[in-house]
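Residue numbers (the working numbering), protein chains in the order written: chain C, 1 to 484; chain F, 1 to 211.
Do not take every clue at face value.
Listing some non-contacts, in silico: residues in chain C with all C-beta distances to chain F over 10 angstroms [stated by the list, open to error]:
#1 446
#2 476
#3 482
Listed next, the stretches of chain F that the computed footprint assigns to chain C, with coverage defined by at least 3 CB atoms under 8 angstroms from CB atoms of chain C [said to hold, decoys possible]:
#4 44–53
#5 106–117
The hints are simulated quantities; they were obtained by calculation from the structure and are not laboratory data. All C-beta atoms in this analysis are idealised placements derived from N, C-alpha and C, irrespective of residue type, glycine included.
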Amino acid sequence: METGSYRHCMPRFRLLDDRQIQRIHHAALRILDEVGVKIYHQGAVGLITGHGGRAKDGNVVQIPAFLVEEAIRSAPSNVLIFNRKKELAMELGGRRIHFGTGTDLPKTVDLNTREIRDTLAEDIIVSTKISDALPQIDFIGSYGLPKDVTPGLHYIRCFQLEVENSVKPIFFTAGSQEDLKTILDMAAAVAGSMEELSNFPFLIHYAEPTSPLCHSEEAVSKLILCSQKRVPINYTPALLAGATGPVTLAGALSVAVAEALSGLVIHQLVRKGAPIITGVVATSMDMLRATPCYAAPEFRLTHSAYADLFHSYDLPIWGTAGCSDSQFPDLQAGAEYAFTLLNAALDGANLIHDCGYIGQGFIAAPEMLIFADQVIAMVKRYMKGFAIDEDHLAMDVIRKVGPGGHFLVEKHTLDFFQEEHWHPDLLNRESLEEWTKKGRKTLNEKLIEKALHIAKTHNPEQLPGEVKTHLDNIWGETQQKMRR
Amino acid sequence: MVDILKEIYQAVVEGKVEDVVAGVEQSLNSGVTVDDILNSGLISAMDLVGEKFGEGDIFIPQVLWSAKAMQAGMELLKPHLMATNQRGAGKVVIGTAKGDIHDIGKNLVAIMLEGAGFQVIDMGVDVEPARFVDKAAEEKADVIAISALLTTTMQSMGDVVSLIRERNLSSLKVIIGGAPVDMAFCREIGAHAYGVDALDGVKKVRELLGR
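Produce the complete structure using the sequences and hints provided.
As structure tokens, this is what we get:
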């Protein structure tokens, strides 16, 4: 037996050392204790002050460190997410990485005409089908904000279209607590009951505090409802350095972490052990255009830093990657997808969202879901590392072939080539001759072809008829309520 | 198709050398014709393998193991083919160009050719033009196949073609391949064919020999 050596190597990455983690943690605790957070929700203010927090100026609440540290301890370190059929789909915790799309993109690059137009309900169906078919997409966001659905109803409608067109877990937003209740009614109809939904959650609600250091009434009411119902929630801020947070990365990070942790405190005070996923976005605001950067290198630094910090808390971690600032699926988008996806994987984030985004969180391009899927597969192969044991050191076959021979028809080659070497299905590795013969297709063209093909041919597993009717009824009632 | 031929066919597709050998032996003993074994068992199986490879469904190591299985079957058929005076697929002398010891592409082609039923005489690496031609004449080969990786060594391919002309070996064909080589260079030196990759090389050799 070989001892004292690793038999498998894997890429390992960490940005912060233990003392740096402690420094950021202490800074966030100081912000909460000295500066406090503004909470536009009297119930939550009372909850925190009732447990040792201090209110000043009405709704600004200073939170002592012990409350934060209690919340970190009581929150589960592993959150189980199921699919629509109650099969385990994701174990959010440790360094287990999962990838999925984002929500609410108002514009879409049309697959046929290539124009950038308003997102429509039909786009939600198409992107859900594509995501359902892609092996590397683990969870599904609406990936759009449909213009042809009555404003105020689009979150509900999106959820319905998603759950009808994919069995995968759904990552969803909601406009208000009422929206959220309706969506949970739909989800409970799918699961069989609210109790079943709590036991086998196939959805994660996404709500956010508002930087700097504010919690809106809507956001907190959704946070509380999810905690009460044991519905997993992702409660994470998006801070712009130099605008809604300090311009320096350490300061921006500390403020964003304070926001996330104060949300965690409220959530855990409502119901200890309720499932929550935390993390932050602390990115650059472009100082020429005042736009939020989705792929800035500084964003990757704060991403790695908070991942190290939340790993030290042993809490499930949100992530952002596979997204681009570019307005069109071009070289910039390709580079930014690869850079961000590799980085998020190295960070060991558990719920990596926004795959398929372009245009700074404004534009959907369905073929980019397929591109993200390819890059994720490549990144996962890299993250797998390689074995360094007798079989993989291959001395026997090296000896057998000897100098000047070849390994092409060795059993060893046949046995290991597929597990040792990843093979892309769309990235181009053809010879010039073959590529020319096949019509000189660029990756962009192949992605669009595949997107159209999946949209046309993929048949997601259907909901049982009575469940579908139930959802239609809820949707009908919701529309009627809206008209009144 | 007789069941045993189906088994041979399947064993070739799956690259199972021992199963092919057992199947061919059993077929010969039970009186299946050599023609049937060759065509319905071995060759049609390799056709499917080539097709699957072209579609990207299987990979090079799997193709090579099928070729190896096919070759093992062929060895058993050889004495019978000679006895019935049947022509084999053809004879190919293969090697890398003078000065070039990069032989992985040449090896790939050699295995594929054998898999397609050709008799292959592998001259190895760094082969002088005269050695290619001498050997081909001596063995009454149909084709000389030359591979090069370097732009500096590919020039000697033309010398082989010239030598063949000098010696009036007009039925002897030359096929070339390798990273720096292309169709234009093939025409320039007067070679008879150019293979883009190993599978294409086999196809071109077949075409050269009208088979």
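Hints and how they fare:
1. At roughly 13 angstroms, the least C-beta separation between residue 446(C) and chain F is larger than 10 angstroms, which holds for a residue marked as non-interface.
2. Interface exclusion of residue 476(C) from chain F stands, the closest Cβ pair being 48 angstroms apart, more than 10 angstroms.
3. The beta carbon of residue 482(C) is kept farther than 10 angstroms from every beta carbon of chain F, the shortest such distance being approximately 51 angstroms.
4. Closer than 8 angstroms: that is the beta-carbon criterion, and the stretch 44–53 of chain F has 0 residues meeting it against chain C, so the requirement of 3 is violated.
5. With 3 residues having a Cβ less than 8 angstroms from any Cβ of chain C, the stretch 106–117 of chain F passes the three-residue criterion, so the hint holds.
In summary, the structure is inconsistent with hint 4 from the numbered list given earlier, while agreeing with all the others.
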